[in-house]
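Take the given structure of chain A and dock chain B to it, following the hints.
Order-wise, the sequence lines are chains A and B. 49 is the number that the working numbering gives to position 49 of the first sequence; each next residue is one higher, with no gaps. 192 is the number that the working numbering gives to position 192 of the second sequence; each next residue is one higher, with no gaps.
Heads up, some of the hints might be wrong.
Unchecked claim - Just a few of them, taken from the derived set where beta-carbon distance is under 8 Å, the chain A residues facing chain B: (1) Ala12; (2) Met13; (3) Tyr14; (4) Asp16; (5) Tyr62; (6) Ala63; (7) Arg147; (8) Glu149; (9) Lys151; (10) Ser250; (11) Gly251; (12) Arg252; (13) Pro255.
Everything labelled a hint here was simulated from the structure, so no lab data went into it. Ideal placement from N, C-alpha and C gives every residue a C-beta, glycine not left out.
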Amino acid sequence: MAVPCPRLSGRAMYTDVTVVENRAESETVSSLFFDRRFKARAGQFLMLWLPGVGEKPYSLSYANGITVKKVGPFSNALASVKSGTRLAVRGPLGKGFSQMPGRVLLIGGGCGMAPLRLLAQQVEEPLILLGGKTADDILFLKEFQGRGEVKITTEDGSTGKKGLITELLPERADYAALCGPEPMMAASLKLLSQERTKVFVALERYMKCAMGLCGACTCSGYRVCVDGPVFSAATLIDMRDFGWRRRAKSGRFEPVSGGVSCF
Amino acid sequence: MPTRLVEIHPPLVNASGIFSYLDVFIRLEREGVCLGGFVTKSIGPAERSGNDNPVVFDTGYGLLNSLALPTPPLEQWLAEFEGADLEKPVIVSIFGFSADDFADLVNRLDRYALAFELNLSCPNVQPGEQSLMGMLAESPDQVGQVVAAVRGATDKPIIAKLSPNTDYLATAQAACQAGADYLACSNSLGPGLAIDPGLSCTVLPGGTGGLTGPPLKPISLAMVYKLYDLLPLPIIAYGGVQCWQDAVDYFLAGASIVGLGTCFARKSTAEVVGLTWDIWRGVLEYLDGRSLSEIIGAGHVH
Numbered sequence: 001m002a003v004p005c006p007r008l009s010g011r012a013m014y015t016d017v018t019v020v021e022n023r024a025e026s027e028t029v030s031s032l033f034f035d036r037r038f039k040a041r042a043g044q045f046l047m048l049w050l051p052g053v054g055e056k057p058y059s060l061s062y063a064n065g066i067t068v069k070k071v072g073p074f075s076n077a078l079a080s081v082k083s084g085t086r087l088a089v090r091g092p093l094g095k096g097f098s099q100m101p102g103r104v105l106l107i108g109g110g111c112g113m114a115p116l117r118l119l120a121q122q123v124e125e126p127l128i129l130l131g132g133k134t135a136d137d138i139l140f141l142k143e144f145q146g147r148g149e150v151k152i153t154t155e156d157g158s159t160g161k162k163g164l165i166t167e168l169l170p171e172r173a174d175y176a177a178l179c180g181p182e183p184m185m186a187a188s189l190k191l192l193s194q195e196r197t198k199v200f201v202a203l204e205r206y207m208k209c210a211m212g213l214c215g216a217c218t219c220s221g222y223r224v225c226v227d228g229p230v231f232s233a234a235t236l237i238d239m240r241d242f243g244w245r246r247r248a249k250s251g252r253f254e255p256v257s258g259g260v261s262c263f
Numbered sequence: 001m002p003t004r005l006v007e008i009h010p011p012l013v014n015a016s017g018i019f020s021y022l023d024v025f026i027r028l029e030r031e032g033v034c035l036g037g038f039v040t041k042s043i044g045p046a047e048r049s050g051n052d053n054p055v056v057f058d059t060g061y062g063l064l065n066s067l068a069l070p071t072p073p074l075e076q077w078l079a080e081f082e083g084a085d086l087e088k089p090v091i092v093s094i095f096g097f098s099a100d101d102f103a104d105l106v107n108r109l110d111r112y113a114l115a116f117e118l119n120l121s122c123p124n125v126q127p128g129e130q131s132l133m134g135m136l137a138e139s140p141d142q143v144g145q146v147v148a149a150v151r152g153a154t155d156k157p158i159i160a161k162l163s164p165n166t167d168y169l170a171t172a173q174a175a176c177q178a179g180a181d182y183l184a185c186s187n188s189l190g191p192g193l194a195i196d197p198g199l200s201c202t203v204l205p206g207g208t209g210g211l212t213g214p215p216l217k218p219i220s221l222a223m224v225y226k227l228y229d230l231l232p233l234p235i236i237a238y239g240g241v242q243c244w245q246d247a248v249d250y251f252l253a254g255a256s257i258v259g260l261g262t263c264f265a266r267k268s269t270a271e272v273v274g275l276t277w278d279i280w281r282g283v284l285e286y287l288d289g290r291s292l293s294e295i296i297g298a299g300h301v302h
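The following block holds chain A by itself, in its conformation from the complex (with noise of 0.2 Å):
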């Protein structure tokens, strides 16, 4: 029997939020809570619109609040909203993290350390790896140490081991969840895959429809917004892209460690 039309969705696209705190995490990193929790996956993310800016992916490091770094433009504004200011979201968007039973290890670099927060909620016992440039870059600590044991390493030795995260590579786990700068996560992939850990990996790349449409997000291919943002180890071996270069606004591909032209 040929498959029947589908119905029309009829939804809002939009869930409008307020903002009931900012907190700053660091000088450049400020958590924004909302009046709602969201029933989410770690790694899942929220599209989140400030009117008359623009509208960018931020994933949940909360059930009820994203973690943004100031980068730019957007984030600025984003990071000095006011308690009390209404934002329109769409989400919980994409594929999370799957459930990771018995050994787990979190590794997590700069802003990757958001979503892994939220990560650190959902599994037993995970051990922690985090890496930064500076003390300052080492996000939700207390919480992490809170949930299990936590390895720290940083480029200036101003906390924890100096060095780089890839240097307490490799761990034996079951499954490894990685979380930061692609290089790093990269060079993380490259050390975990010698063991039989089963890793999973959380992308990012410029999004505009996040509704799988566009292809501004691709990496090799594969849409970000819909088959990720969380790939298997087994499917990144098919990604020339991971590592290498991302699509720029324009679709211009630029290096994912920062740079103009890469094609």
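Same frame as chain A, now just chain B:
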């Protein structure tokens, strides 16, 4: 009138601006998508970032979009085509701000294209840069000039993509006389507007965008039907196909190829592949052993 044919099987494609890039097409092909070919997003003469987000709005009954033609630099497109390991043919969609722009793009992209689809009708260009783009579909003379310039630059099939928001019969006639091989109906409808009641403001940049999905279908179906009667050119139908019945409607109205777009919203790669098979299997079941050519235009019973 002899016509250059766009040979693809099955006669299903993605609409331009959906999936957009060759790497997505390659992924879908590897996963077994049931499309006979792919259509690129519209490639322009120079890099453009397009509009700031939000660029889409789901009305619940169709989508409004206002991407405003983002495109990577042409040199990158050429590199992507050179490296693309793709078996299915690609229809290259192009836009420009003058007839020369279109002809130059065709010269650069000719070897990669099964056919060229001319985007004569994007509704989302910025004020101040509209020059030709904004008015193109409204002026049969200019459409004729663009098609003639492209005709002079390629022997590949030329598809003139029409707007439902203008006098499309005049535009189609001009495109036909200037040497177009196919008509495509239609580009998005509108403009339409979206307001967020909670924030009391409009959603899309500049307020408005083009409407696609189910509300566009009866409009586009009427265009296909009328143009099939009026002109001898084969037609590619776009607009609101959600399921096999919609595709069959377009074939009966006179389309030779049917494009899919908004129906892929929120679908993963595996779900996109599944939907294309559902649609094509439904068409085959409807055909019940007949060839597709037997039903193309068969809905014209007066």
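Interface hint status, Lys151 of chain A versus chain B (Cβ within 8 Å): Status violated, d = 35 Å.
Minimum beta-carbon distance criterion (8 Å), Met13 of chain A to chain B: Hint holds; Met13 of chain A Cβ to chain B Cβ min 4 Å, cut 8 Å.
When the nearest CB of chain B is found for Pro255 of chain A, is that gap smaller than 8 Å? violated, 14 Å
Supplied contact hint for Ala12 of chain A, tested at 8 Å Cβ to chain B: Holds - the Cβ of Ala12 of chain A comes within 8 Å of chain B, reaching about 7 Å at its closest.
Does the CB of Gly251 of chain A sit less than 8 Å away from some CB of chain B? Holds: closest Cβ of chain B sits about 4 Å from Gly251 of chain A, inside 8 Å.
Interface hint for Arg252 of chain A, Cβ within 8 Å of any Cβ on chain B: With a minimum Cβ separation of about 4 Å from chain B (threshold 8 Å), the hint on Arg252 of chain A holds.
Cut-off 8 Å, beta-carbon criterion: hint that Arg147 of chain A touches chain B: Since the shortest Cβ distance to chain B is 31 Å, the answer is violated.
Can Ala63 of chain A be said to touch chain B, with a Cβ gap under 8 Å? violated, 21 Å
How about Ser250 of chain A: closest beta carbon in chain B under 8 Å, or not? holds, 5 Å
Please check whether Asp16 of chain A passes as an interface residue: C-beta within 8 Å of a C-beta belonging to chain B. holds, 3 Å
Interface restraint verdict for Tyr62 of chain A against chain B (beta-carbon cut-off 8 Å): violated, 22 Å
Is the hint on Tyr14 of chain A kept, meaning its closest Cβ partner in chain B is under 8 Å away? Check passed: Cβ of Tyr14 of chain A comes within 6 Å of chain B, closer than 8 Å.
Hints 5, 6, 7, 8, 9 and 13, counting from the list given before, are not met by this structure.
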